[in-house]
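Student: Chains as they are written, first to last, in numbering that gives the first Met the number 0: chain A, 0 to 263; chain B, 0 to 330.
No wet-lab data here; the hints were simulated from the structure. Each hint should be verified, as a subset may be incorrect.
[Claimed, not checked] Here are the simulated PhoX-like pairs of lysine-lysine, each with C-alpha atoms no more than 25 angstroms apart in a straight line:
| hint | chain 1 | residue 1 | chain 2 | residue 2 |
| --- | --- | --- | --- | --- |
| 1 | B | K98 | A | K7 |
| 2 | B | K98 | A | K11 |
| 3 | A | K103 | B | K136 |
| 4 | A | K4 | B | K19 |
| 5 | A | K90 | B | K139 |
| 6 | B | K24 | B | K39 |
| 7 | B | K47 | A | K10 |
| 8 | B | K139 | A | K103 |
| 9 | B | K98 | A | K103 |
| 10 | B | K47 | B | K202 |
| 11 | A | K10 | B | K136 |
| 12 | B | K297 | B | K276 |
| 13 | B | K157 | A | K11 |
| 14 | B | K47 | A | K7 |
| 15 | B | K93 | A | K103 |
| 16 | A | K11 | B | K136 |
The residues making up each chain are set out below.
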Amino acid sequence: MNLRKYLKVYKKFLHTSLASELEYKANILVDLITAIFSLIGSIFLLSIFFKNNGYIGGWKFEQALIIQGIYTILNGITNTWFNPNLTEIVKHIREGTLDFVLLKPIDSQFFISLKKINPSGFLEIMLGFFLLFFCIRINQINLNLTFLTLFLITISCSICILYSLWFFISTTTIWFVKTWNAIEVLRSFLYIGRFPLNSFSFSLRIFFSVFIPIAFITTIPSEVFLGFSVFWKILLEIVVATIFLINSRKFWLFALRFYSSASS
Amino acid sequence: MVQNIIDVRNLSKSFDISSKEPGLKGTIKHFFRRQTKSLKVIKDISFKIKEGEIVGFLGANGAGKTTILKMLCGLIYPSEGSVLVSGYLPFRRKENFLKNITLIMGQKQQLIWDLPPIESFYLNASIYDLDKFEAKKRIKKLSEMLEIDEELFIPVRKLSLGQRMKSELLAALIHEPNILFLDEPTLGLDINAQRNLRKFLQKYNKETNATICLTSHYMKDITSLCKRVICVQEGAISYDGKLDLLLKKLSPLKEILIVCRSEEDAIKLENYGFNVKNKIKNEITLKIENNSITSSLKTILNNFDIEDLFINEPPIDEIIGKVLIKKDYDI
Chain A
0 MNLRKYLKVY KKFLHTSLAS ELEYKANILV DLITAIFSLI GSIFLLSIFF KNNGYIGGWK
60 FEQALIIQGI YTILNGITNT WFNPNLTEIV KHIREGTLDF VLLKPIDSQF FISLKKINPS
120 GFLEIMLGFF LLFFCIRINQ INLNLTFLTL FLITISCSIC ILYSLWFFIS TTTIWFVKTW
180 NAIEVLRSFL YIGRFPLNSF SFSLRIFFSV FIPIAFITTI PSEVFLGFSV FWKILLEIVV
240 ATIFLINSRK FWLFALRFYS SASS
Chain B
0 MVQNIIDVRN LSKSFDISSK EPGLKGTIKH FFRRQTKSLK VIKDISFKIK EGEIVGFLGA
60 NGAGKTTILK MLCGLIYPSE GSVLVSGYLP FRRKENFLKN ITLIMGQKQQ LIWDLPPIES
120 FYLNASIYDL DKFEAKKRIK KLSEMLEIDE ELFIPVRKLS LGQRMKSELL AALIHEPNIL
180 FLDEPTLGLD INAQRNLRKF LQKYNKETNA TICLTSHYMK DITSLCKRVI CVQEGAISYD
240 GKLDLLLKKL SPLKEILIVC RSEEDAIKLE NYGFNVKNKI KNEITLKIEN NSITSSLKTI
300 LNNFDIEDLF INEPPIDEII GKVLIKKDYD I
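Extracted from the complex, chain A is given alone in its bound form:
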């Protein structure tokens, strides 16, 4: 793979999609306002849950805010990259314009996963980081290199798992053509990621760890953040992320064999 060429192409992707999005100023403004109100609403909802008891699944409100912060960052990443690109796959397949992607001398997964960008998602990412900095203060967390490295590793793994889940569902469009509902179901599952894994029953914990690893996505990075994560959990998240990423790639290449292109 020619890394220089891929960087150059990605720079062009950034440029063209930002230019496209900036054509519609009002839309960006609405998205930005939605992101702010959505975060305020989520924190308010979380505070209601903690009002009576003070603890959910062994987590204090101040600690649960870390999960909310990580969730907001991941949701921002979803809205910036995954949502605009991976929902476009459905359009590409339905309208047959995937033909143009497949006939370009560039990796098709790279092309369809990164071509578009929604700049309003950046605000959510920034809001998530602000919330995390706030949590560092209220939870009196000591920042050090090990902490930062582990946090970066686990959050990167979370992004990989999340991407793979989205990509896997979008790829099934090649057979089923319309899989929009499945993506909506996945989004609803992701909302669950705003709460600590321990707050669910045992069977749900198994479901959200083994079948749809939502638990890994937010809980493990949050535990790392608070300094009470165990090594095997971090290792497990790395393994799960690697398996998901490799399989999403294999699944895409396998699915392309069945692509019949839309009729003209």
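Go by the hints and put chain B onto chain A.
Tutor: Same frame as chain A, now just chain B:
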């Protein structure tokens, strides 16, 4: 000796097609138990195309022309047989193969809708690993050939269909491919835009010796660009050869309307032994075989007092239409 750039042998393609009965009952049945059957859309076809040739694929809707093009450019895996394009197996989509070909579809677009075409050109240039200087040079050259200038800087959504198609062509040709697959490139364009596009393709073929495979329902595209045509009927090739030979085969007779000076001359001509279509007063219409037109006209002019005469060529659309409509037409 000119080399074969496309070599297709015993190529077949089958698709699984699901069918649905009409009405609510049929819809429910279709939802729970979808019945699919395998349909062979391309049946054991073989042909070769030489470098620099322009070949037109003719056939009715659903005959399989686009499926053939898509197998040639590697979008669809063949079910049986072999395809070799420029020495590559197309469906493997190797980088060097993809750098050599392009696909242009009249009904689909790759340009970024909200941005001027120039942005899409530079994006494609980076995908084909062209530096900025080279890209600029090629855009300038192609835009001159296509006669587009200001349109390059206007958002695609504000361009006319003709301007958009020209921009699509430029985007698809920026990497200077050797093989062009064109699927109804003039679809929906007005007469002038169609003519300009054909002129460009002729020029491009002449200057670069690129091979062009073209499907179109506009016969003018085929007649002005292609010397060779491949007729596809229900997934099989029914004719592969020169276009003028096909036309002669399909329309061996020409109609000649002769206006005689008097009705007596017209009666004399009617009884002379020609194949007469009809006679109205002093006007008589004869059907004469293509290869005996000159001798027949000589005879008529020498023996009869003629006021005027008209040779009617049957419209090419009508002739080709015979191939497209009548499925078992023998060519």
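Student: Against each hint, give a clear statement of whether it holds in the structure.
Tutor: Verification of the hints:
1. About 17 angstroms separates the Cα atoms of B/K98 and A/K7, which keeps this hinted pair within 25 angstroms; it holds.
2. Of the pairs offered as hints, the one joining B/K98 and A/K11 holds, with about 19 angstroms between alpha carbons and a cut-off of 25 angstroms not exceeded.
3. At roughly 21 angstroms between alpha-carbon atoms, A/K103 and B/K136 fall within 25 angstroms of each other, so this suggested pair holds.
4. For a cut-off of 25 angstroms, the pair hint linking A/K4 to B/K19 is broken: about 47 angstroms separates their Cα positions.
5. At most 25 angstroms may separate the alpha-carbon atoms for a hinted pair to count; A/K90 and B/K139 exceed this at roughly 32 angstroms.
6. A C-alpha spacing of about 28 angstroms is found between B/K24 and B/K39, which places the hinted pair above 25 angstroms, so the restraint is violated.
7. As the CA atoms of B/K47 and A/K10 are separated by approximately 41 angstroms, the hinted pair breaks the 25 angstroms bound.
8. With a CA separation close to 22 angstroms, the supplied pair B/K139 and A/K103 stays within the 25 angstroms bound.
9. For the suggested pair B/K98 and A/K103, the alpha carbons sit about 8 angstroms apart, so the restraint of at most 25 angstroms is met.
10. With a CA separation close to 23 angstroms, the supplied pair B/K47 and B/K202 stays within the 25 angstroms bound.
11. For the hint pairing A/K10 with B/K136, the CA-to-CA distance comes to about 21 angstroms; that is within 25 angstroms, so the pair holds.
12. Among the hinted pairs, B/K297 with B/K276 is consistent with the structure: their alpha-carbon atoms are about 20 angstroms apart, no more than 25 angstroms.
13. Distance check on the hinted pair: B/K157 and A/K11 sit about 22 angstroms apart at the alpha-carbon level, within 25 angstroms; holds.
14. Annotation: proposed proximity of B/K47 to A/K7 is violated, straight-line Cα distance about 38 angstroms (limit 25 angstroms).
15. With a CA separation close to 10 angstroms, the supplied pair B/K93 and A/K103 stays within the 25 angstroms bound.
16. Using a Cα cut-off of 25 angstroms, the hinted pair A/K11 and B/K136 holds, with the two alpha carbons roughly 19 angstroms apart.
Violated hints, in rising order: 4, 5, 6, 7, 14; the structure is consistent with all others.
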